[in-house]
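Novice: Construct the entire structure; sequences and hints are all you get.
Chains as they are written, first to last, in my numbering: chain A, 1 to 142; chain G, 143 to 284; chain E, 285 to 426; chain Y, 427 to 568; chain V, 569 to 710; chain C, 711 to 852; chain S, 853 to 994; chain H, 995 to 1136; chain B, 1137 to 1278; chain R, 1279 to 1420.
Be aware that one or more of the hints could be misleading.
What the hints assert, rightly or not - Residues of chain R placed beyond 10 Å of chain H at every Cβ, according to the derived structure:
#1 Arg1322
#2 Glu1333
#3 Ser1343
#4 Ala1346
#5 Ala1360
Said to hold, decoys possible - Covered stretches of chain H, going by a simulated chain B footprint (3 or more residues, C-beta under 8 Å):
#6 1002 to 1009
#7 1072 to 1078
Don't read these hints as lab results, they were simulated from the structure.
Where is the CB? At the ideal position from N, CA and C, for every residue including glycine.
The chain contents come next:
Number of protein chains: 10
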Amino acid sequence: MLRDIPPILSPDLLWSLRAMGHGDDIVIADANFPATALGARCHRLDGISATEVLEAVLRVLPLDSFVAEPALVMEVVGDAAAVPPVVEAFGRIVEATADNPAPLGRLERFAFYERARGAFAIVQTGESRLYGNIILKKGVIG
Amino acid sequence: MLRDIPPILSPDLLWSLRAMGHGDDIVIADANFPATALGARCHRLDGISATEVLEAVLRVLPLDSFVAEPALVMEVVGDAAAVPPVVEAFGRIVEATADNPAPLGRLERFAFYERARGAFAIVQTGESRLYGNIILKKGVIG
Amino acid sequence: MLRDIPPILSPDLLWSLRAMGHGDDIVIADANFPATALGARCHRLDGISATEVLEAVLRVLPLDSFVAEPALVMEVVGDAAAVPPVVEAFGRIVEATADNPAPLGRLERFAFYERARGAFAIVQTGESRLYGNIILKKGVIG
Amino acid sequence: MLRDIPPILSPDLLWSLRAMGHGDDIVIADANFPATALGARCHRLDGISATEVLEAVLRVLPLDSFVAEPALVMEVVGDAAAVPPVVEAFGRIVEATADNPAPLGRLERFAFYERARGAFAIVQTGESRLYGNIILKKGVIG
Amino acid sequence: MLRDIPPILSPDLLWSLRAMGHGDDIVIADANFPATALGARCHRLDGISATEVLEAVLRVLPLDSFVAEPALVMEVVGDAAAVPPVVEAFGRIVEATADNPAPLGRLERFAFYERARGAFAIVQTGESRLYGNIILKKGVIG
Amino acid sequence: MLRDIPPILSPDLLWSLRAMGHGDDIVIADANFPATALGARCHRLDGISATEVLEAVLRVLPLDSFVAEPALVMEVVGDAAAVPPVVEAFGRIVEATADNPAPLGRLERFAFYERARGAFAIVQTGESRLYGNIILKKGVIG
Amino acid sequence: MLRDIPPILSPDLLWSLRAMGHGDDIVIADANFPATALGARCHRLDGISATEVLEAVLRVLPLDSFVAEPALVMEVVGDAAAVPPVVEAFGRIVEATADNPAPLGRLERFAFYERARGAFAIVQTGESRLYGNIILKKGVIG
Amino acid sequence: MLRDIPPILSPDLLWSLRAMGHGDDIVIADANFPATALGARCHRLDGISATEVLEAVLRVLPLDSFVAEPALVMEVVGDAAAVPPVVEAFGRIVEATADNPAPLGRLERFAFYERARGAFAIVQTGESRLYGNIILKKGVIG
Amino acid sequence: MLRDIPPILSPDLLWSLRAMGHGDDIVIADANFPATALGARCHRLDGISATEVLEAVLRVLPLDSFVAEPALVMEVVGDAAAVPPVVEAFGRIVEATADNPAPLGRLERFAFYERARGAFAIVQTGESRLYGNIILKKGVIG
Amino acid sequence: MLRDIPPILSPDLLWSLRAMGHGDDIVIADANFPATALGARCHRLDGISATEVLEAVLRVLPLDSFVAEPALVMEVVGDAAAVPPVVEAFGRIVEATADNPAPLGRLERFAFYERARGAFAIVQTGESRLYGNIILKKGVIG
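Specialist: Have a look at this one:
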């Protein structure tokens, strides 16, 4: 454990967050997400909710201000307009914690997988609420 | 996630529990434990308490009945008789969950480290209560 | 061996089942299947029949309910309508054991190979009955 | 599968049997044996009994005739004179199948572990009978 | 060395033969063949003729009966109709030793290389006769 | 770069600081220190002074309060009582920045090397002042 | 440290500079550049400015005289004509230090990333000025 | 060193020459050639001229007689007809040393790089004369 | 294959012979020798006799003239004075082929194994004659 | 090649020289030295004399001034007082090129090997003069 750094940020996750550069994506994924199959770097946080992880990550990670939608969630299959509770909670955390808050963008399920495949890393949480997945694009510190 | 297997048992931890044989030790360690330095196989469960991990592990792992003390905790430095609350909780969980319950044995801090160095694996939890460390010796299924 | 987990699920196979996510495929293949050539992760269960493995796997793996055919078998070469005894047995096991039973889908031999190439893992059993191959798509636990 | 070679001999196990030389040991171990912790090369045959494996191995492996006890079993803890049924079966298979049959030698439990640690390979079977462990020393083909 | 298994089948070659499945190819190549450049798995048998290797391989490997030409040789450059003595010898060995004998098919030199690139393994022999190369497709054991 | 974390803490160094546990040592070494030869994990910060690194490290790393001398410097060869300016600066930084400040302990040159050999990691800085080396023992966060 | 070689050139960076050949590119990047994601070889110089690194690199690296623009910078997003102070400084250093000085070429942000992806190596500096990125093409020593 | 084998043929270079087969290319490159970037196998002979290396290589390597131009050099950029002194020397060495001498073929600079990228190996010599690069195609020993 | 180098010297064996230095040992072992277990570098020449290998090796390897017994064979177990035919043949080959011929020394079986464990490499031949093992110490080329 | 750095210093050798710290040893060895067997890091400079390498190395490497004999040569076997010509040349080069010249120390052959075993790296040159071996201890740059 370290002083003033959220304790759920594991050594490997902290490494990825620090090594990422401007424009690199990180995915925070729920417990059912095919993270191992999609991502070269997969950091597990079994048993932790995606909302706790999102808050801890945004405390240290700058969000990109060069793009309109630096944070993206997955659309509900068969109901693109739906906003599941976990997604609503994501929105509130981004608003409250990010250095550059922005409304959440959306991607269809397989487009989300495709985007995740090119991400710098995927964090597999223990989130049991369906659609508890979010992609963050790293910004700069000037 | 799998049916009827506690979800905090990660793929790597499940691998170790299944690959261990009779007499192999596993350490469930608190967030301050020098797990990376001591153990060849270190499974992280950041953010999860040691008591939750102990309960999940004992639901699948048989405890050794060939030895008197198949479960061992660390003595408080400077007060060998003390029983910290987390250790008391360990005792109750072993009693309630193990297939072969047994009273907890004790090891002095550096003897505990030495024993951990030879363990099959160490699980580094997010336990923030000091002395939240326990060693389990695997038993047989006959 | 572990408590209440089928003993033929080896450490590596258990790892794959646990690490797989929603939509990932696993192949249970007979003794003649070109598993090593097709699959990055090949788990061997020499000497065990494919039906025993299917039953053990379905006791822990949720089957996908997002698609119509979450379980697929290989068509007999030259007789697409044939239902070999081992395939009939597969159908009964899926019906009896899966959390989301569904009728078996079918793939032509080389289409089956192509699909297997992208699977998360292939389990090579000792099944000596020809056409003793089945693909399972993992579902979610909500 | 290959012609005239017992199908439960997996690729890795066949590799070890062929690569072993005069005097190298191989251990056939039961499902509770701490094989992963003790052996650099661990071949799993989950679900197969130790007696089936012993018979298949002895069909291809010459037994050493330079030593008095080329095959060794583990003594029952607390009853060194006992002969468990699985050990009795081992004796009959060695007698019937080995090129150089010899009576079984015995080692105390921890001496058996120590010997296994230096073996060329350990085969972890699915043997559920306790004490289903045997060490074989490879002989020469002149 | 093992009982009743041809001694020139090395540990690695035996591994490949056993791990191959239905439809996988293996190449037995002469001493001038670019085996290292073409093949991911290259087994060397320096000093052994290709005909000796072919006979040893066919004693354990089933030949595919699902295709018309399970065994293929390389056409002489500039004289496609020629049958070099080593190829004639290949034909006699396939006839005498294979479980499913079949007449030899032929491939132009660069088509042979391309096919070899996708093979499961290449055995580089010490064969000094030019065109001493043959591809075998593995069959099934029912 | 990350929010509120000193930018000279590189991804690898941050990984080590986070993965270290209670009682593990980290060495901050000058540009002439034989870090590669002594340490399994060597993190380079070429061009940065040891004092800058010490301050950045102590902002996140807790110092051990279980031992009398959690911070140790190297004695000047041939003048054990000397206090080089860089060591004086180390003392002021520990006093000002550590969570558990303590006076600096001392080790003779080769004893310092021996201790460094067992450290969790060594940070090789660009410090050009001789004797710009310090060992820190990690504490706990309760 | 070595005699007469700039001390901020780390062992790995020196390796890359020496191993590069005619026409290979090296990128000197600022602290926000996505170096780990883009480059197979990433050398970190955290805490050092890009201008210091450029000067040290050009003291040992010949610049290519076969092309018109052997040094390339990134255009400001949304203002292609702008010349940020750090780029102005790059120009002066190339002029003063290179063996074959040449005016700086320019690439649009994503074209710069694409070019960087094929570079021999990327040096991630601690440069905090935005647009502190430059690509150098190695020349020959005749 | 070995009896009757040119001592500048290093262990790795000798390995490549021996492992190459009919039709595989090897590049002997000058000190400015981008060998590390282009070649999977790069053997360094720093300080040795390309002509010395060519002579040593041709003493053991058969040259291909199946193609018209088994040896290829790089055209001078901007003067395709030029024959630099080092190329003239290459011609004399091929004539005097090769088992199957042939006139040198030529490739434009970038075509030469492209061909080198597919070579079995590249030998980076210390040749300081520009255009001191040659590709050799291995022949057969009948 | 290479010009004037014995074709049974494989790429790996040639690498070892060339990389060995003054005083390094190489073992030429029969088909029953425990080569894989004893040696870090094991080169297989299945199917080739030890005498053929010895002759090929001595054509390129200088024998040490700094020691009295640069070539050592294994004593017959139980009959130290015996000279098996293969050993007699070894003696004649050393006499006829070595640059520095010397009478063969002898080592008891387990002392031979111990010496082999420290050798630079072991060549496992297909030698079927018992006691077909010899150790050679490399000399210098002045 | 790099500006003002001796071209025979290869990328790997330059890496070692730069990564070495105060007190680390490097060995420059002749062509017969058992470098691969003794050293974890072995840099080859086949075909280059040891004296050329010594001069190039000393142009960049500081020699240790903390010990009396920072440069050590090997005694002639059987004539400890002899000074072979290559050693005489070593002495002159150290005198002329080192930053801290010192008379050469001496070690008996096997003591020299033992010291080399602990060195940071060994450079295997093509030196054909016997006893062309020297150990250098790196100094500091203050």
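Novice: None of the hints should be skipped; say for each whether it holds.
Specialist: Quick rundown of the hints versus the structure:
{"no.": "1", "hint": "Arg1322", "verdict": "5 Å, violated"}
{"no.": "2", "hint": "Glu1333", "verdict": "12 Å, holds"}
{"no.": "3", "hint": "Ser1343", "verdict": "30 Å, holds"}
{"no.": "4", "hint": "Ala1346", "verdict": "32 Å, holds"}
{"no.": "5", "hint": "Ala1360", "verdict": "23 Å, holds"}
{"no.": "6", "hint": "1002 to 1009", "verdict": "holds (count 6)"}
{"no.": "7", "hint": "1072 to 1078", "verdict": "violated (count 0)"}
When held up to the earlier numbered hints, the structure conflicts with 1 and 7 and fits the remainder.
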